[in-house]
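Note that the protein sequences, when read in sequence, are chains A and B.
Quick note on our numbering: the first sequence kicks off at 1 and runs consecutively.
Quick note on our numbering: the second sequence kicks off at 1 and runs consecutively.
A few of these clues could be false.
If you want a taste of the chain A side facing chain B, the calculated C-beta under 7 Å gives, among others [claimed, not checked]:
| # | residue |
| --- | --- |
| 1 | Asn-8 |
| 2 | Pro-9 |
| 3 | Ala-14 |
| 4 | Leu-28 |
| 5 | Asp-29 |
| 6 | Trp-31 |
| 7 | Tyr-33 |
If you are wondering where the hints come from, they were derived from the structure by calculation, not from laboratory data.
Computed from a predicted model, the values in this text were never measured in an experiment.
Note that beta-carbon positions come from the ideal geometry of N, C-alpha and C, so glycine has one too.
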Amino acid sequence: MSDRVRVNPIACEAHGMCAELLPERITLDPWGYPIVDGERLAGAQVEHAMRAARACPTFALLLDRDGNGPRARRPPQPARRSQ
Amino acid sequence: MSSATSAPAESRAADRSAQARLPRLFAGIAAEGALTLAEHVAIHGPAPQLGGRGRRAKDRAGLLIDEVQRAGLLGRGGAAFPLATKMRAVATSRRRGIVLVNATEGEPASLKDRTLLEALPHLALDGGVLAAEAVGADEVIVCVCETAQEAAAGAEHAIAERARSGAARSPKLHLATVPSHYVAGQESALVNFLGGGPALPTFTPPLPFEQGLRRRPTLVNNAETLAHLALIARHGAAWFREIGTPAQAGSALVTLSGPVRHPGVYEIEHGSSLASLVHAAGGTTTHLRGALLGGYAGSWIGAQHLDSLVLSSEHLAPLGASLGAGVVLLLSDQACPVAETARVARWLSGQSARQCGPCEHGLDALAGTLEDIARGAAPTREVDRLAALVARRGACGHPDGAVNLILSALDAFAADFAEHARLGPCDSCSTRAELPLPHRPVNRNGSGRPGARA
Chain A
1 MSDRVRVNPI
11 ACEAHGMCAE
21 LLPERITLDP
31 WGYPIVDGER
41 LAGAQVEHAM
51 RAARACPTFA
61 LLLDRDGNGP
71 RARRPPQPAR
81 RSQ
Chain B
1 MSSATSAPAE
11 SRAADRSAQA
21 RLPRLFAGIA
31 AEGALTLAEH
41 VAIHGPAPQL
51 GGRGRRAKDR
61 AGLLIDEVQR
71 AGLLGRGGAA
81 FPLATKMRAV
91 ATSRRRGIVL
101 VNATEGEPAS
111 LKDRTLLEAL
121 PHLALDGGVL
131 AAEAVGADEV
141 IVCVCETAQE
151 AAAGAEHAIA
161 ERARSGAARS
171 PKLHLATVPS
181 HYVAGQESAL
191 VNFLGGGPAL
201 PTFTPPLPFE
211 QGLRRRPTLV
221 NNAETLAHLA
231 LIARHGAAWF
241 REIGTPAQAG
251 SALVTLSGPV
261 RHPGVYEIEH
271 GSSLASLVHA
281 AGGTTTHLRG
291 ALLGGYAGSW
301 IGAQHLDSLV
311 LSSEHLAPLG
321 ASLGAGVVLL
331 LSDQACPVAE
341 TARVARWLSG
351 QSARQCGPCE
361 HGLDALAGTL
371 EDIARGAAPT
381 REVDRLAALV
391 ARRGACGHPD
401 GAVNLILSAL
411 DAFAADFAEH
421 ARLGPCDSCS
431 TRAELPLPHR
441 PVNRNGSGRP
451 GARA
């Protein structure tokens, strides 16, 4: 089982919610964009990661799950860029 | 590969001994103008026919992919991705594929793909058509940079020539002209643009060969890669591997520029020496400070390595370098490597699509730091800190390529950087800049009409 978070860097607009809600795995760079350490989520972190993914205003935080744990509600896909 | 080659065995053997050496792609190339279809066929023979329906056609297509795998043909756009892997992914997809011949060549120091379309368009078209037949695609789009007018004209003329000659209607051949900025030729940007969006990279996966243009599996390959495919389909994997090295078989097109008598595009054997390439170009016109291999996402090599430099991945990897898309840019000893690197870094920052924060802000900060170092106002260790913040954090490879170039410069010219950081500008800093940096604003609008010239 490997649950990990990753960031869609195009969708991300540096709101920084993810670093607030999942500080165990995410820090912010000098410009406010998340640095994800790529480590596997352990225990309660899965729940925190789901919350962080849902809280992201641009749906840029993605939770990859391939285990048998509780399914994350898949965040809606970001709207296609029109320009 | 007997099943895909129409010529009898004896003439194939004769072919093989005649074509064992170079030129391969450049056979019969004229000083001016493009080879016609008839001239192309006279030199290379007709392309094997893979098209058609039914099991036998499918077997022939599978055999060509096997042959490409045995040949070990790697992508020549810079990433060196195995062509057979991509072809198999598109061939086994349930949806019908599309083939893109990528000759956009956003790399300012590379001219090989436009040269192919200007001078030998039918070789790249053969490759595109054969790839399409092998993966079951019904459409081939030749993508050329909007500034490469002669290449576009060469491709357009060659496509029309094929239509007149009564070539098969499938796959359909089109030409698309693409904006000139650096990342426009990146595969996902190309797919984005042809689908009506801006020529900017998208978030992957899915990769284009999984789901690309019009949601169909899309085989995006560099024009040179497909030109090699056209010859492998005729002569086979064993022939392809007769030259080159175990890891990099065959020949390569290399754009050589800098202080040599005859800069230009040369066909070399992988594993040949830099000295032989420079010799073929008439020798250098001055002493060298170093060489940039692989273009502006590539690596600097210091002058002390140049005499013994061998152009193969086996030899270059330990030096942290690769040929990339076949770029060899020599720097004269009148140039300042620190000032040149700062200028290239600023240019690369300007070529960011500004979609990903770490690339937009990080490349700008890196360029600023290099400018500070060049005038003696920053320590070199600041570059390492910023580089670590930028690498692998973009949707495409642009920030990684820029970081690679900058770190390799600090490594190859360590003494120069340390001296500038301590003492400020050197005498060479203000001399004429050597590296070409064309003005190419990033085109963000999606209003291009990629099919307009089909």
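Hint by hint, here is what the structure shows:
Interface hint at A/Asn-8: satisfied, since its Cβ lies 5 Å from the closest Cβ of chain B, which is below the 7 Å cut-off. Contact between A/Pro-9 and chain B, as hinted, is supported at the beta carbon level, the nearest pair being about 4 Å apart and thus within 7 Å. Checking A/Ala-14 against chain B by beta carbon gives a least distance of about 6 Å; that is within 7 Å, so the hint holds. A hinted interface residue such as A/Leu-28 counts as satisfied when its beta carbon comes closer than 7 Å to some beta carbon of chain B; here the least separation is about 10 Å, so the hint is violated.
Interface restraint check: A/Asp-29 against chain B, minimum CB-CB distance 5 Å, threshold 7 Å, status holds. Interface hint status for A/Trp-31: upheld, as the beta-carbon distance to the closest one in chain B is roughly 4 Å, under 7 Å. The restraint placing A/Tyr-33 at the interface with chain B holds, with a minimum CB-CB distance near 4 Å, inside the 7 Å limit.
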